[in-house]
Every structure is written in structure tokens, then in C-alpha cells.
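Participant: For reference, the chains in residue letters:
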Amino acid sequence: MKKVLLTSVAALMMLTTACGTNKPTETTSPAATNAASTGPVTLNIVAKDFPADDPNAQKLVKGIEEGMKAEGKNIKLNIVPVQSGTYSEKLGLLLQSGNIPDLIYFQGGDYQFAVTQKILTDLTPYIEKSTNVKASMSDFNKERMKNYPYLLWLSPINSAVPVVRQDWLDKTASGKEVLANPTIDNYYNFLKEVKEKNNAKFAYTTAGNLDELDVIFGQAFGVTSTWLKGADGKYVYSRTSAAEKEKLAFYAKLYKEGLLDPEYLTKKYDTKEKAFYDGQAAVVAGTQGKVIDIYNTKMTGQNGANAKLTPLPPATGKAQGYTPVDISKESRGFAISAASKNKDAAFSVLEYMASQKGQMLDKLGVEGQEYTIVDNKIKLTDKFASWFPHFVETTLNFKPDKAFDPSTPYLSAPAMKSLEMFASKATKDNAFIMPADLAAKWDASLALYKGFAADVVTGKKTVADFDKFVEQWNAAGGKEVTEYANKTIK
Amino acid sequence: MRSKLKQMWTDKTLYFMLLPGLLYFIIFHVWPIIGMKLAFYDFRIMGNNVFVGLKYFRELFSTPIFTQVIANTLIISAMKMFLIFPIPIIFALMLNEFMNGKFRKTVQVVSYLPHFLSWVVIAGIWFEFLSKSTGAVNALIQLFGFPAHDFLTDKDSIRWVLVASEAWRNIGWDSIIFLAAILGINQSLYEAAYVDGASRWHIVTRVVLPHLYVPMVTIFILNVGFIMNAGLDQVLNFTNDSVNSQIDIIDTYVYRVGLINGQYSFATAANLFKSAIGVTLVLSTHFISKKLTSKGAW
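As given, the protein sequences belong to chains G and E, one line each in that order. Heads up: the first sequence at position 146 corresponds to 161 in our numbering, and the numbers run straight through without jumps. Heads up: the second sequence at position 268 corresponds to 477 in our numbering, and the numbers run straight through without jumps.
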């Protein structure tokens, strides 16, 4: 009986393996765009936080359909559900199944296969013909579209800007100095003073890694891009450079003196933010614009109007700038399926959402619900708190025909300031799309760097071990990645 | 064969009840084996997959981090298997010694609760518990004059944290099967032992424990099959840059390189390798157990 059972299982395994088709998914071949039709053009759309049963998503879809119909474009949006869980993973699985919607929102980290598998439409010709989309694109958007013309994301760069409470800043003498002349030394003095004067537990907290500390200090120490050009004209990975070594030594000093949160490695976003609101941390970094706006609202709500936030500039040193902006591709955004039969209609949705009417709907919601017009001014209601833009986050081309009521601005003054400061101090990075066959090596070398950096900062290792780390980094796959970088970066 | 079929027909109701479970395993565990062939192909969403032979296996074994990942998986799994395995048995034996039924039930229910919490919640509890600045454990350590220790970022401690949190989560739940086995022991055996003058210790060692051998061996062999599953959710929630090198396991590696970076064929190759080791270990353990104790998983 046992033999029969074992043989059956083995046979079943062989059979299932052998019978598997080479072609797990079938999709329709890319078709010509927009077949003539009298009825509405149905577009399938998949996006994050966009479930079909969400009342706000329903309102948005209805608003888009009605708004576009008024402009003579009869479309119907059909929301494709994704399984609950991490959006990027679930979207990847959805697309693998061969179910490719016309309009796809990619969250980030989930589209490498789309590059190799050519499932996305080149949006360049559509953008060239557009009016509203073009007007809403930043210089970074344009650069990214040149390098990777498949994702469109009309949003401020997803980069962090450090902020401090105004009342805490005012208590320090070094605060004014740091705003006027943000050298590394002045920053160090400021972090020390702002902690002591306000009885904070630590000056700076970050969530899990050093990225949000690099926002201030990276460029000042000379880490001006992912790949640094050496004296011999060859590129080296910046994390293995002398600049990085110096930077890590400084971070270790901040950690040792209690200026950097001793538990930053285990902090999550929520606990990091809580530490800031509760007065444990004096400075945190948050994404410029909308996130700083949320921080400001929560901070003033909890600690009073004087606790409004002040964005801080990046430190000056060998260079000055917030974390360099990766222009190799959009990190997220909307794409149109290469297999879509209605590509023009799909792009017209993006174009409509970038128009003034579309932006009013996307950013503010429905009049009478999320906002009202009082004395010819836009007054946001309580319902607005649960509304957020899905298509166009940037305010670059957002010009409502009415002013906002001063009591309910679209973005608070600190949030606007953070956008301005980032725009004036943003620089371009030279990172590139890592090819699939180097993905494992890149992962290994990156993991090695992260571990080493954490050990140096927390005092388990010193910068004396740096050369050994570089050797290990090269052996872990960094050498091959560097060779590829030198061939790729122009 | 005919008599066996006849017997099956007689027990048709039982076999009918087996059907949903059988279907579940066919649909969710046997049928996906087809997908394993992806390890030998370059996946294409549009068009045919391209056969690449052992390309992804070669890539897997040539990645320097893979050896470390395998070692981490085996070490963490072995620690969990050998250190946690006796705990539910001891716990079940201890619960059985409680005469007060209400107290026993309360302890049982409380011990089950963590099993129903997600690892996100459990990690949050343990982070608070082990926090260097505010955690109860460090408060206690400092009370005895020792310096506070950051268990969560210390390479030497983190695997023990994984083992302890896993034990805390599953002690109650895993003890159910042993409690059930204990409750199934014929009362006359206890009575006979008492008549012979046996103490409680004798009853535990001579009556109760022998009845737990079969479930113990079965569960141990099944656990061996899961040796390559060191706990994806748990590790993802407990990891940080400082300790990742100590607890990066095959599942987290596959998740990171395969799912996050969209390298599905590579991830499938890693998973297939993992499954092959699991199957080999189960068969070997079963064989050894049969030879040594004449008891096996089937």
C-alpha cells in the first residue's frame, strides 16, 4: 500500500510538472487604439487605495466620468480589485496572471519585470501632444520620462525634508545660525542645544535606517550622488568612498552622544512620528509638501500653535543639497498597458486629471462635501481630512479660480516652505536601473553596506574597519555592479 | 484490492468527509507544483516562457549571500525545533497536574491567545518588552545592577529573541495535541498505578509519557519537513539593518529578491531548492525513526 501511495504521489508530481503549459498567461496582442464606438469606452483601472467599494473612490470615478463626458469624452472607469496586502506584491501577481488593466498605478519596486517584458506603453508621444500633463511636469519628471517613458507621476519628488518645532528652535541660539549658515559644525551645535534646551530624549530620530539623516548631511560630506567619479575618471559606489567613511564617523559621534535616537534601528514610521509629537525627538524628516502638512497639523493640534514646524536646510560642506533625486525612472506612477485597445482614452483620463477641473476634483473632492464656497473662497470641510489626490499630487499647475479661505489653506505655510526649500536645494542623482541579472548581487552588496553602516553608527565597529568592508562589498557582488556602472553612466 | 474497495464503500461517509480536505490539498498544494517549472524558464507575461535550464539555480548558488541565508535558515530552524519542541509537552504535562479545572482552563485559554495575534502585533509587544530605554526586561536587568542591553539590535541575541517569541506565541496552541493525547489515556491505567503505589512522578514517567511518544515522533518528523521554514512573517517584523545578516532566511531572501524585485523565476528556483531539502529531510527522519523506534509519521 505504501509503495502504491508513494508511486502515485511521484507520478502525480511528474504529471503535473510535465503537463504544465509553457504559456501560463495569455494576453491579447497590442491592438490599435480607440476603435470607433458609439457607447462609452470602458477602461479598466487599478490603483492603490482605490477599492471599488470605497465611497470616496466611487465619488472620484463618478466625477471623472461626468467631467470628461461634459468635455465630449464618454468613458467608463472600471476599478480592478487587487487582493488585500502589500499593493506592490499583489499588483505584480495580478499582472502575472495576464490580467493587465488599461491604466495601472505602480507603487514602486514592482515593475522591474515590466521593463524586460515590454507590457507598458511608451507615453512620450502622448505627453508631447498633451497640454495639462505637460504643464504639471517638473524638470525631474521630464528627465525621468526621457530615461524611462512608461510611468507618469505628477507629484513632488518623494524626498524628505527635516523639520523642527518653531518654539523649540526659538529657544536656541544656534538655531538662527543653522538657518543662516548650516555648516556641519553649526548643525552639530544646534542638535546638541535643541535637545538640551527642550529636555528632549534625543535630537534626531529616523525610522529604521540612515536615509533620513543623509537628507541633511549626505551631500555636505561629499556623498553627492550614488556613483562618485574618482580622480582616475572611474565611478565608485558612494557608500564605499572616503566621503561615506567620514560621514559614518560623524553619525557614530551623534549616536554616542545621544543626539541620534539610540533605538533608531527598530523605530517604525508611527513610533518615529509619535516620538516627535510627544517631544522625545527634536527633529525628524518627512516628505516635503503633504506629509509635512500632516506633521504640522498634528504637532500644532497636540502642542499648540507655537509648535508649528520650520523646515531645515541641508548642511553645507563639500556640497549642499537634500538627498540627490534619482532620475533614472519614476519610482511610481501611472502606466498604460501595451495591450490596451483604448490607449488614447486611457491617456485622456490622465490629461483630464491634470486639468484645472480634474485637479479640483482630485485634490479637493466634491463641492458641498469635501469643500464649500463661502464668500467666494474655498473652505475645506471636516470631510476633506479623508480625501487625498490619486492622480496629480503636485501643486505645480494647480491654480483654482478662487482663493482658499485663510483658515483652511490647501497646504500649510510650513508645507509650502518645505516644497520651496526642496526645489531650491534639489540635485540630480546618477543612479541607474539595475539589470535583472545583477539584482541578486546588488541585493547582497547593499545588505552588506546597511549592516556595516548600522554597526559603525551603533559602535559595534569603527571606521577603521572601512577598508575591510569595501573588500567584502566588492566580493559580495559590488565589483560586478561597479563594472556595469562604469559602462552605463555617461 | 477488491476487499479494500469494498471496505471503502462501507466507510463511504468517512471518505466523503475527507473530500473537502483532499480537494484543498490538490488545489492549493499539489496543483501549484506545476508552477515550480518556472524555475527552469524565463517568465513572460505575454508570449511563451523561455526555457533556460539551470540558469537560475547557478545564479542562486553563485550569489555569495546565499550560503549565509541557508546557514541562517538552518540555524534558526534547528534552534526553534530542538528548543521549542519539548516546551508544549512539558506545558501539557504541567497543565494535566492541575486539579483545579477552572484554573487549568483559564491558563489554557490565556496561553492560546498569542497564537491568534499577527506577527506585526507580537513584534510590537516584544519591541516594547525588550526596549533598551523603556522595556520591562531591561528595567529588571538594571534593577540588579547590570547595564541595559539592546537585544533587538544585537547580533548575538536576536536569534534567541526569535526563538523566545515563537515559543511564547505557540506554547499553548502546540500543547493541545499533547493534552488531547493525555486525556485519551485510559483511567484504569492510572488506577492500577496508584494501587501499585506509584507516585505522581512515576505516573508521569511510566504512564503519561509513553502515551505521548507517538504524537511526539509524528510532530517531530513533520517539524523536520518545515525546517527550511524559519518564519517569514516573524523575521520580517524583527529584522533591522544591524541584525539582518544573522536572520536573513531563504523566505525573506526570496521575498526581497523575488517578489520585491520581480525576479519570479529566481525566487521559484530558491523555493524549489528549499522544498527539495524539506522533502529529503522528512523522508530521512521517517526512515531513521522507523529503524530506531519502529515508529514513523506514516
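Hints are computed from structural coordinates only; laboratory data are not their basis. Take the hints with a grain of salt, since some may be wrong.
What the hints assert, rightly or not - Straight-line Cα separation of at most 16 Å, EDC-like style, residue types lysine to aspartate or glutamate; simulated pairs: (1) K289/G / E337/E; (2) K133/G / D251/E; (3) K465/G / D363/E.
Participant: A separate judgement is required for each hint: does it hold in the structure or not?
Facilitator: Cross-check of the supplied hints:
1. K289/G / E337/E: Holds, at roughly 14 Å.
2. K133/G / D251/E: holds, 14 Å
3. K465/G / D363/E: holds, 15 Å
The structure is consistent with each of the numbered hints, conforming to all of them.
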